[in-house]
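Based on these hints, arrange chain B on the given structure of chain A.
Protein chains: 2
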Amino acid sequence: MTIGETGEFGLISRIIARTVAGPACLLGPGDDAAVVAAPDGRVAASTDVLVEGRHFRRDWSTAVDVGRRAAAANLADIAAMGAVPTALLVALCAPPDLEVRWAEQLADGLNDECALVGASVVGGDISSSPTLTIAVTALGDLRGGEPVRRSGARPGDVVAVAGRLGWAAAGHTILSRGFRSPRKLVEAHRRPEPPYAAGPAGARLGATSMIDISDGLVADLGHLCEASGVAIELTRDACEVPPQMSDAAAALGVDPYDWVLAGGDDHALAATFPANADLTGEWRVIGRVRDGSGVTVDGKLYEGAGGWAHFR
Amino acid sequence: MTIGETGEFGLISRIIARTVAGPACLLGPGDDAAVVAAPDGRVAASTDVLVEGRHFRRDWSTAVDVGRRAAAANLADIAAMGAVPTALLVALCAPPDLEVRWAEQLADGLNDECALVGASVVGGDISSSPTLTIAVTALGDLRGGEPVRRSGARPGDVVAVAGRLGWAAAGHTILSRGFRSPRKLVEAHRRPEPPYAAGPAGARLGATSMIDISDGLVADLGHLCEASGVAIELTRDACEVPPQMSDAAAALGVDPYDWVLAGGDDHALAATFPANADLTGEWRVIGRVRDGSGVTVDGKLYEGAGGWAHFR
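As they're listed, the protein sequences go chains A and B. Mapping to my numbering: the first sequence position 71 is 71, numbers consecutive. To convert, take the position in the second sequence, counting from 1, and add 1000; that gives my numbering.
Any given hint might turn out to be false.
So the derived label-pair ranges between C-beta atoms look like this [to be verified]: (1) B/Pro-1274 with A/Arg-54: 47 to 53 Å; (2) A/Gly-30 with B/Gly-1253: 37 to 43 Å; (3) A/Glu-226 with B/Glu-1099: 24 to 30 Å; (4) A/Asp-255 with B/Gly-1007: 39 to 45 Å.
Read the hints as simulated data drawn from the structure, not as lab findings. For each residue, glycine too, the CB sits at the ideal point set by N, CA and C.
One chain only, chain A, in its complex shape:
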């Protein structure tokens, strides 16, 4: 059965039936607007859109995977402010011949990823469109803390990351060359595992700045440098290349550091901390903040594959 056959309202009913309200959901889907708790009188809010062919392919990812990725991209943005995600709103644009089952599994993926952080889908919209598009807005709770911005890095701070670097990019390269393994890297592309808890934990550890790595480590640290008016020096060897990744890179004739330094889509977090911060948990130091501008790797400007720019 296609969504053209169920119609807009039929599809909405089916999707709502699969959704379980999280603790912050005061009024869920089905009215003109949802109502979400914002206990400290503020709400963090971010929007990210996934377009078929650009951000995902239905022959590479299941609907559950696409849902998880759409949720992950947005939930990670909330975590990168030091906030705890509370709710998602989802606009689905889809061709009428889309299978209802695909839309339901997309909803399952969104719901499953939300459940990891105690959030839930509280509302949305559905429209027909020739291009399958999933626009998601995430809301979050700063729990009384100040938002951790991109602009607070200071010379002398250490640079640290939490989460995987380059795994999703490696998986993407593997799929684009027509392979399906190593499975762990392919799965990392299909279903990123952002270090959600590291966001609020980083804020508590005194992070002076933080950013979600969606365009690639060097590119996103470049945004952070620009916002903070500082330079960042990375040490390449501090960025781990796991054996599976170096094996795959060798087999494909690729420099694995192009994945690690320029690959987005893992939704790792990068942050700066005072030099004396006692980093625990997932945070690991990979560099230093200096006076100046731009990002260097082992003392040189990084000239690899570079970040991923839209429209170019």
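Then chain B, alone, in the frame of chain A:
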């Protein structure tokens, strides 16, 4: 110049430069997430998407008009809960050959409509896509009141509307027949004027239920009946047909009540109130709530053009 030439970040800078933060914007565009005030510890949130060819045509509407409509559709949903809109987040998907000027004017339209209610665009995302798509999420402040849901209508209540009925639909019919006037009706399609203030005012007047009319008066009151478990009896003559509309309908061989009863896109508000409510301002009574189910007009089930369903 096209957005393919400026690239994602160039376009974002240009759009941010045109945006003025509203009073609820605690942290605006440019970071991983925005932060918006939610003074009473709750936030109302709603998402609505506009797809080219389905919801707008670039040869019928300017970019400013499309921006205003995209904002209006979302701000009206917030008003329909009895809340005051505070912020918008906007995901723009566009082909690389879109003129930068068009995107800038879209932003102007979004900003202008927001300014009517003291809200502002606080964040967004941009992606390339073959289909021009604008997904908007609106946030709002309930100011300590209970959200006015669709489910609270009780037998004996009066049914009232605020805002224009059928004007946008009339404008749409006029444009689709190749005409450009009467200008007032065409403008109503291009740029709806939702009665934003009537939402919170209706809540204060004791509205027992409320809904944004986006699918058409009868269709949306049908949703309200279903949610409340009641019937609604409308009086056709209580729904005004202005002279320009009846003239246009006669010229086009159309029943003007198809516009008034089935036309969406004006984003009027419909609400139910206790029979003794002292309705002021824009609210005007057009019917009654009864026991039963469904919507009747002058005692008969409405069998006109009907609401507008996606995918069918």
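Against the structure, the hints:
At about 52 Å, the CB distance of B/Pro-1274 to A/Arg-54 agrees with the hint of 47 to 53 Å. Between A/Gly-30 and B/Gly-1253 the CB atoms are about 38 Å apart, so this pair conforms to the stated range of 37 to 43 Å. Our hint of 24 to 30 Å for A/Glu-226 and B/Glu-1099 holds, since their Cβ atoms are close to 27 Å apart. The given range of 39 to 45 Å is broken by A/Asp-255 and B/Gly-1007, whose C-beta atoms sit roughly 25 Å from each other.
Hint violations for this structure: number 4 only, all remaining hints satisfied.
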